[in-house]
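The hints should help you fit chain B onto chain A, whose structure is shown.
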Amino acid sequence: MNTTIPLTLVQAKTMNPVFDLGRLGFFLKRQLSLNLNTLWMAILSGFGTLLVISALFAFFNREDTDVLFGLRNLYLVAFFLAGYVFTSLVFNEMNSPKKSYAFLTLPVSKVEKLVGAWLVSAPVFVLLYGAIMVLLAFFSSMLAQQPEVFPHLFDRDVWICVKVYLVTHSVFFLGACTFKGNNFLKTLLALIVFALIIAVYSGSVGYLLLGDQGQVNEESINPALKENFEFIFTRIIPFIFWYLLAPFLLVVSYFKLQERQV
Amino acid sequence: MIALKDIQFRYKKQRPLFENLNLTLQPGFIYGLLGKNGAGKSSLLKHMAGLLYPNRGECRVFGYNAQDRNPLMLQDIYVIPEEFELPGISIASFIDNNAVFYTRFDYAQMDAYLTEFELPRTAKLSNLSYGQKKKFLIAFGLSTNARLLILDEPTNGLDIPSKSQFRKIMASSLDEEKLIIISTHQVRDLENLIDNIVVLEQGSIVFNQNVADISEKVTFEYNLNGVPDNEVLYAEELHGRRAGIVKNLSGLETRIDLELLFNGIIKDAATINRHFAN
Numbered sequence: 053m054n055t056t057i058p059l060t061l062v063q064a065k066t067m068n069p070v071f072d073l074g075r076l077g078f079f080l081k082r083q084l085s086l087n088l089n090t091l092w093m094a095i096l097s098g099f100g101t102l103l104v105i106s107a108l109f110a111f112f113n114r115e116d117t118d119v120l121f122g123l124r125n126l127y128l129v130a131f132f133l134a135g136y137v138f139t140s141l142v143f144n145e146m147n148s149p150k151k152s153y154a155f156l157t158l159p160v161s162k163v164e165k166l167v168g169a170w171l172v173s174a175p176v177f178v179l180l181y182g183a184i185m186v187l188l189a190f191f192s193s194m195l196a197q198q199p200e201v202f203p204h205l206f207d208r209d210v211w212i213c214v215k216v217y218l219v220t221h222s223v224f225f226l227g228a229c230t231f232k233g234n235n236f237l238k239t240l241l242a243l244i245v246f247a248l249i250i251a252v253y254s255g256s257v258g259y260l261l262l263g264d265q266g267q268v269n270e271e272s273i274n275p276a277l278k279e280n281f282e283f284i285f286t287r288i289i290p291f292i293f294w295y296l297l298a299p300f301l302l303v304v305s306y307f308k309l310q311e312r313q314v
Numbered sequence: 008m009i010a011l012k013d014i015q016f017r018y019k020k021q022r023p024l025f026e027n028l029n030l031t032l033q034p035g036f037i038y039g040l041l042g043k044n045g046a047g048k049s050s051l052l053k054h055m056a057g058l059l060y061p062n063r064g065e066c067r068v069f070g071y072n073a074q075d076r077n078p079l080m081l082q083d084i085y086v087i088p089e090e091f092e093l094p095g096i097s098i099a100s101f102i103d104n105n106a107v108f109y110t111r112f113d114y115a116q117m118d119a120y121l122t123e124f125e126l127p128r129t130a131k132l133s134n135l136s137y138g139q140k141k142k143f144l145i146a147f148g149l150s151t152n153a154r155l156l157i158l159d160e161p162t163n164g165l166d167i168p169s170k171s172q173f174r175k176i177m178a179s180s181l182d183e184e185k186l187i188i189i190s191t192h193q194v195r196d197l198e199n200l201i202d203n204i205v206v207l208e209q210g211s212i213v214f215n216q217n218v219a220d221i222s223e224k225v226t227f228e229y230n231l232n233g234v235p236d237n238e239v240l241y242a243e244e245l246h247g248r249r250a251g252i253v254k255n256l257s258g259l260e261t262r263i264d265l266e267l268l269f270n271g272i273i274k275d276a277a278t279i280n281r282h283f284a285n
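These protein sequence lines are chains A and B, in that order. The opening position of the first sequence corresponds to residue 53 in my numbering, with each subsequent residue numbered one higher. The opening position of the second sequence corresponds to residue 8 in my numbering, with each subsequent residue numbered one higher.
Treat the hints as calculated values from the structure; they're not laboratory data. All residues carry an ideal CB built from backbone N, CA and C; glycine is no exception. Among these hints, one or two may not hold up.
Stated by the list, open to error - In silico contact screen, one side only, chain A against chain B (beta carbon under 7 Å); selected entries:
no., residue
1, S85
2, K151
3, P159
Stated by the list, open to error - In silico DSSO-like cross-links for lysine-lysine, where the CA-CA straight-line distance does not exceed 30 Å:
no., chain 1, residue 1, chain 2, residue 2
4, B, K20, A, K308
5, A, K238, B, K19
6, A, K151, B, K185
7, A, K81, B, K140
8, A, K151, B, K140
9, A, K150, B, K43
10, B, K185, A, K150
11, B, K140, A, K150
12, B, K131, A, K151
13, B, K131, A, K150
14, A, K150, B, K20
15, B, K175, A, K150
16, B, K43, B, K254
17, A, K232, B, K20
18, B, K140, A, K232
For reference, chain A alone in the conformation it holds in the complex (with noise of 0.2 Å):
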């Protein structure tokens, strides 16, 4: 039997063509049926692989407050990858020439693509990993026989994680939308690149201004200079940082997937 209805013909008609809630859920529920079995078995293999090293290191190391923040540090590095990992496969069916036809002709426009594959990746993989890290901690905490320590593995690390994550996810987001295949791999190699030369740049006008005596007296550096750093690396690049760089790098990712072709 039938267990969705299709939109009727006046409903599609007055559909907004760049944003409908209706197409986007549709979109979601696609995504999430065609995933599904390799998402249960990543969460799962994932999910044991985790209960048993915490299991090891708690039940060994009782009474050492210290493994279970190494632990949590564990499931933060884990909580990382596995998101990057999963973003750059969210696109994953454009990669494949005979998967692709299907899902750059599917009736959605390219922002709910967009919008779906950020909802995904982004908020709700990180409540689905905050769950999963709850289970952990508290198993870790009631295993190595410190309950109290619990509450405190969740502190404001845990958030400034959380929102670097939300932040550089944007990079391995855009990776998705433009590389085909290898797309994390291939997202790494560019960061690399990327910081290399940034690394280049950066080298090279520090020598310009400070010349080649190495260490620098702080007192012989220019005020005015010094103040201009300050600003950039205190101001600018925070700023930039935590507010420019996801937004831009989703409108550019808007741009990569209406730029794909087969």
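Relative to chain A, chain B alone:
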């Protein structure tokens, strides 16, 4: 209506595939897109579905620019490619998750096609044979009732009974709103099915004629002995005899031999087109 205007296209680092290609297709007809391997049939179809963008020119489908991939246009298009991969979910689940995007999707029609093709709703798509997968896609595509149905080599992988079923189903699904384009190099599979023949050769449309006009203007002879040379538009050796395309001076409609017609167009489209222009 589909209108391709002055399309120029080339794949990266390759010679141009289309040079100022122009083509207009009207609803209410089944078009047979014929061409040799590598002529660009699939690329042309991809342009119509907004899957490839022209370097120059414009492709408009029902008034929309195809490369915008507007969802209002896409819900009226269904593409069945030659090569495809279906997900590892059941037929029922696929229908449940994909039919909702198509406003005219008819579930009863889908059930009828599944019965006709003997495809159980519980079957897992990835476990079906290539032919069964193709039949499923054809059934789904027809059930969307999309105004534009694009089929790239649809009879590849179908057994003989399935080819007959395919022809029957395609013929019955056409109405005055729909436009069906079938690309193939197996021209015999399309006999008695198509209304218009479009031939793509060396980057442009070299022939675009209605089947009724073709059968009225030319005849297909399998022994040209006794036929005056000035009536022969194209001739070739066939099983030790000279067969060919001859001017139809009787005015009576004749049966079209698509293979012979295709060969004639590929060898000398200018002569045949000149005859149609008169």
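Now for the hints, and whether the structure bears them out:
1. For S85 (chain A), the suggested interface contact is upheld, since its CB lies about 5 Å from the closest CB of chain B, less than 7 Å.
2. The interface hint given for K151 (chain A) is met, as the beta carbon of that residue sits about 5 Å from the closest beta carbon of chain B, less than 7 Å.
3. At a threshold of 7 Å, the smallest CB-CB gap from P159 (chain A) to chain B is about 4 Å, leaving the interface hint in force.
4. The suggested pairing of K20 (chain B) with K308 (chain A) holds, with an alpha-carbon distance near 21 Å, which does not exceed 30 Å.
5. Proposed proximity of K238 (chain A) and K19 (chain B) is supported: the alpha carbons are some 21 Å apart, at most 30 Å.
6. In summary, the hint linking K151 (chain A) to K185 (chain B) is supported, as the alpha carbons are separated by about 25 Å, within the 30 Å threshold.
7. Among the hinted pairs, K81 (chain A) with K140 (chain B) is consistent with the structure: their alpha-carbon atoms are about 23 Å apart, no more than 30 Å.
8. At roughly 14 Å between alpha-carbon atoms, K151 (chain A) and K140 (chain B) fall within 30 Å of each other, so this suggested pair holds.
9. For a cut-off of 30 Å, the pair hint linking K150 (chain A) to K43 (chain B) stands: about 22 Å separates their Cα positions.
10. For a cut-off of 30 Å, the pair hint linking K185 (chain B) to K150 (chain A) stands: about 26 Å separates their Cα positions.
11. For the hint pairing K140 (chain B) with K150 (chain A), the CA-to-CA distance comes to about 13 Å; that is within 30 Å, so the pair holds.
12. For the given pair, K131 (chain B) sits about 17 Å from K151 (chain A) by alpha-carbon distance, which is consistent with the 30 Å threshold.
13. A C-alpha spacing of about 18 Å is found between K131 (chain B) and K150 (chain A), which places the hinted pair at or below 30 Å, so the restraint holds.
14. Annotation: proposed proximity of K150 (chain A) to K20 (chain B) holds, straight-line Cα distance about 22 Å (limit 30 Å).
15. For the given pair, K175 (chain B) sits about 27 Å from K150 (chain A) by alpha-carbon distance, which is consistent with the 30 Å threshold.
16. Annotation: proposed proximity of K43 (chain B) to K254 (chain B) holds, straight-line Cα distance about 25 Å (limit 30 Å).
17. This hinted pair checks out: K232 (chain A) and K20 (chain B) have alpha carbons roughly 18 Å apart, not beyond 30 Å.
18. Between K140 (chain B) and K232 (chain A), the direct Cα distance comes to roughly 25 Å. Compliance with the 30 Å bound is thereby established for this hinted pair.
In this structure, none of the earlier numbered hints is contradicted; all agree with it.
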